[in-house]
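**Student:** Take the given structure of chain A and dock chain B to it, following the hints.
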Amino acid sequence: AQSVSQHNHHVILSEAASLELGCNYSYGGTVNLFWYVQYPGQHLQLLLKYFSGDPLVKGIKGFEAEFIKSKFSFNLRKPSVQWSDTAEYFCAVTKGNTPLVFGKGTRLSVIA
Amino acid sequence: ETGVTQTPRHLVMGMTNKKSLKCEQHLGHNAMYWYKQSAKKPLELMFVYNFKEQTENNSVPSRFSPECPNSSHLFLHLHTLQPEDSALYLCASSSRASGESMTDTQYFGPGTRLTVL
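Which chain is which? The protein sequence lines are A and B, in order.
The first sequence: position 74 = 74 (my numbering), numbered continuously.
The second sequence: position 54 = 54 (my numbering), numbered continuously.
One chain only, chain A, in its complex shape:
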């Protein structure tokens, strides 16, 4: 079965530190990639997505992600995190007409 791996279960960073969350998938061929975020007590919302074109995708709140096809990866980055970035981050992948498959999520805690 196709799968999405997020290797970091919980990441703790100080404010202003740089962030990189890993996401790898097992699909071959053309894929569509998403990062969703769930802030404490709030609903899941889209952070950014990649369908085609420039493999460096910019999303909301200063986040970006880079699609590296050869590595089957779509890592999420932010140069300088803030306390308000504390949340759970989910990578998701779909191919063609298949439903979204989510990773287990990475919990980010940003401390002052």
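Simulated from the structure, these hints should not be mistaken for laboratory data.
From the three backbone atoms N, C-alpha and C, an ideal C-beta is built for every residue, glycine too.
Label pairs and their in silico Cβ distance ranges:
hint : chain 1 : residue 1 : chain 2 : residue 2 : range
1    : A       : Ser84     : B       : Glu53     : 38 to 46 angstroms
2    : A       : Gly41     : B       : Gly3      : 15 to 23 angstroms
3    : A       : Ser70     : B       : Glu53     : 33 to 41 angstroms
**Tutor:** Structure of chain B alone, referenced to chain A:
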């Protein structure tokens, strides 16, 4: 506010009870989804409806019974649940049309926190 609402937000039920979860989307979408979010497990897709027709049933036990009377409303009827069914149940919607690839963004509701005693 995402345009997708879910009621109730919290539900506690016994194993012999029958209850229903409700989802409503105000975004004009035609596809709706039920997901189960359990601790330390990936978000699991349960059902997909596209133009009121069920297009995915991800091997969900029959004690979960979905209903989609129109493109704006989605229900999940629950009966004789087990304690391991306790989880956050999320509803989502998207503008996916029949036959198109799933590149469309899904918009999620806040979820119903279900506890089965």
